[in-house]
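**Student:** Construct the entire structure; sequences and hints are all you get.
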Amino acid sequence: MFGSHDAMSPSDPLTSAVATDTTLRSAALVPVTEQPSTGEGSSLPPELRIDDVDRLSALHRRLVAEIQLERAAPVRRLPAELLSEIFIYLAESDLRGYRSAKEGKSYAVQLIAVTVACVCVSWRAVVLGTPRLWSRITVDEQTRHLDVYVRTCITRSGQHELEITCTASRHLPAVLSHILPHARRWRSITFCGVLNDYCSIPQRHCFARLRDADLSIDCLFDGEAGAFDFLADAPLLQQMKITATGSSDDHPINLPSSWRLTSLHLDLDEIRCVRPLVATIAQYHATLETFVCEFIYQSPFFPSEGVITPIQFPVLGSLQLGFHAVSLLSYLDAPRVTDIILGGTDNQSGDPYECLLTFLTLPSSPLTHLRCLRLVQIYHAFDEETSTGLLRCLESMDELQELSILCAADHSFAYGLNEWLDVDMSGALWDGLTVREGNRPILPNMCALELHLGTVHLTDQERRDQRIDLAIMLQSRQRARIIEGRNVVALERVEVESETMADLFEFAEAFYTAA
1 MFGSHDAMSP
11 SDPLTSAVAT
21 DTTLRSAALV
31 PVTEQPSTGE
41 GSSLPPELRI
51 DDVDRLSALH
61 RRLVAEIQLE
71 RAAPVRRLPA
81 ELLSEIFIYL
91 AESDLRGYRS
101 AKEGKSYAVQ
111 LIAVTVACVC
121 VSWRAVVLGT
131 PRLWSRITVD
141 EQTRHLDVYV
151 RTCITRSGQH
161 ELEITCTASR
171 HLPAVLSHIL
181 PHARRWRSIT
191 FCGVLNDYCS
201 IPQRHCFARL
211 RDADLSIDCL
221 FDGEAGAFDF
231 LADAPLLQQM
241 KITATGSSDD
251 HPINLPSSWR
261 LTSLHLDLDE
271 IRCVRPLVAT
281 IAQYHATLET
291 FVCEFIYQSP
301 FFPSEGVITP
311 IQFPVLGSLQ
321 LGFHAVSLLS
331 YLDAPRVTDI
341 ILGGTDNQSG
351 DPYECLLTFL
361 TLPSSPLTHL
371 RCLRLVQIYH
381 AFDEETSTGL
391 LRCLESMDEL
401 QELSILCAAD
411 HSFAYGLNEW
421 LDVDMSGALW
431 DGLTVREGNR
441 PILPNMCALE
451 LHLGTVHLTD
461 QERRDQRIDL
471 AIMLQSRQRA
481 RIIEGRNVVA
491 LERVEVESET
501 MADLFEFAEA
511 FYTAA
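Residue numbers (full-length UniProt numbering): 1 to 515.
It is possible that part of the hints are untrue.
[As the list claims (entries may be wrong)] Calculated pairs, SDA-like style, for lysine to any residue (alpha carbon to alpha carbon, straight line, at most 25 Å):
id	residue 1	residue 2
1	Lys241	His205
2	Lys241	His171
3	Lys241	Gln283
4	Lys241	Gly322
5	Lys241	Cys273
6	Lys241	Glu270
7	Lys241	Glu385
8	Lys241	Leu172
9	Lys241	Ser93
10	Lys241	Leu261
11	Lys241	His145
12	Lys241	Pro314
13	Lys241	Arg275
14	Lys241	Ala282
15	Lys241	Pro202
16	Lys241	Gly158
17	Lys241	Cys372
18	Lys241	Ser263
19	Lys241	Val315
20	Lys241	Ala208
21	Lys241	Ala286
22	Lys241	Gln377
23	Lys241	Val292
24	Lys241	Ala117
Treat the hints as calculated values from the structure; they're not laboratory data. All values derive from a computational prediction rather than experimental measurement.
**Tutor:** Have a look at this one:
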């Protein structure tokens, strides 16, 4: 620890003074440092003694600092650089806030800097000296002192990129008035506002650093109003999410064609027709990698759209469609898609998988990159006809590795909605997926299966019959083998509600033994 004075003689009086008092009280050094050498009565050259004094003074300062650190409260012991990194980590972890005993409300922590700056002087200095801590501006319904808070964040963040969230539509105009002059610093935005809030934003701004945007409109949406034109000059914008409660005409949404989006998420509630939406999506066909869309038609039946030529998306890899947005499959040509999620499907307008079959049989088929298919929140019965329709789709997915079929919580695999209780239960899907000698296997590369079948409407006997059909299918895929010249891999992971793969295989063994 004291390597800095190794070259000094142990008999040197200055060294002895330090060595005999390891607590370094001030008195141990003061008498020595107050006796500078004159040169005549000294046995060492004057310059050497001055060097010794300088060296010991530095040692003294170092030891005093170590002792002060040792005696300091734990909150003061961390280096400023480490504290800064810890605060940044907490600020970017989206931790929820504190409970106000006075007002009885739960507030979000607007910024970790606002709280830690009040702990002590040293923490305050760290906070004020870390611009990144002030670069996340979060405003919600509980935000207090909004103007002061936003101005402080903008000032303290220096020239750092800004991440701005305003989920309270009534506060959006005030927030915009503060942040628009700093448009070039925007890195990501999450806004909730009414149509006029967006339309009133001038189009003269350049959003040079903007990469992510999440915009919600909580009123009827007029696509002709150009609500998103203010972001036309955003050359780096890649990810866009838009939520609108509805549309007032046949043009559900208009987006700037200047964007080069890699991810687009549209939650449009009700629309009247899909043709304008297809035209909007087509603007990003060359760059789009992820597409998520949900909407329902205002009519209970799919409208007649006429002939729409499918749009090719050469780099689209992830596709997630909910409710009536499943109909978009008929107009998308995505030869490199790797995963598909379809949610909220029903058969009120016919075969729920007809659009999927159209997508799978386009000229770009077969889809050799497709690895995962998830059917979630299913609202239809898997009767004989529907099961056969899904099997036709699965026959075109030779490279599929993961299959999930998840019914809505209050429905069952067998029946679906309450009014369909007269639909006969069918084991056609499990029968079609069963691997048998002499038959061409469906999904030969499936190694993971996730099922939430639901049993809310089933009798004990119907539940047992369903389990038997499933167990037979799983038993046929328990080991890898070659069927009809095709390699069939073994199932590695099976999740069926609360049952494990081992449970089902054990049930299958017991079933075969009893038979």
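**Student:** Determine for every hint whether it applies to the structure shown.
**Tutor:** Do the hints match the structure? See the list:
1. Lys241 <-> His205: 20 Å, holds
2. Lys241 <-> His171: 20 Å, holds
3. Lys241 <-> Gln283: 16 Å, holds
4. Lys241 <-> Gly322: Since the Cα atoms of Lys241 and Gly322 sit roughly 15 Å apart, the hinted pair holds (cutoff 25 Å).
5. Lys241 <-> Cys273: 20 Å, holds
6. Lys241 <-> Glu270: 17 Å, holds
7. Lys241 <-> Glu385: 36 Å, violated
8. Lys241 <-> Leu172: Roughly 18 Å between the alpha carbons, so the hint for Lys241 and Leu172 holds.
9. Lys241 <-> Ser93: With a Cα-Cα distance of about 21 Å, the restraint between Lys241 and Ser93 holds, given a limit of 25 Å.
10. Lys241 <-> Leu261: 11 Å, holds
11. Lys241 <-> His145: Violated, at roughly 29 Å.
12. Lys241 <-> Pro314: 21 Å, holds
13. Lys241 <-> Arg275: 20 Å, holds
14. Lys241 <-> Ala282: Distance of about 16 Å is within 25 Å: holds.
15. Lys241 <-> Pro202: It holds: about 21 Å lies between the C-alpha atoms, which stays within 25 Å.
16. Lys241 <-> Gly158: 28 Å, violated
17. Lys241 <-> Cys372: Holds, at roughly 23 Å.
18. Lys241 <-> Ser263: 8 Å, holds
19. Lys241 <-> Val315: Judged against 25 Å, a Cα distance of about 19 Å means the pair holds.
20. Lys241 <-> Ala208: 19 Å, holds
21. Lys241 <-> Ala286: 18 Å, holds
22. Lys241 <-> Gln377: 22 Å, holds
23. Lys241 <-> Val292: 9 Å, holds
24. Lys241 <-> Ala117: At roughly 34 Å apart (the allowed maximum being 25 Å), Ala117 and Lys241 break the hint.
Violation of the numbered hints given earlier is confined to hints 7, 11, 16, 24; the remaining hints are satisfied by the structure.
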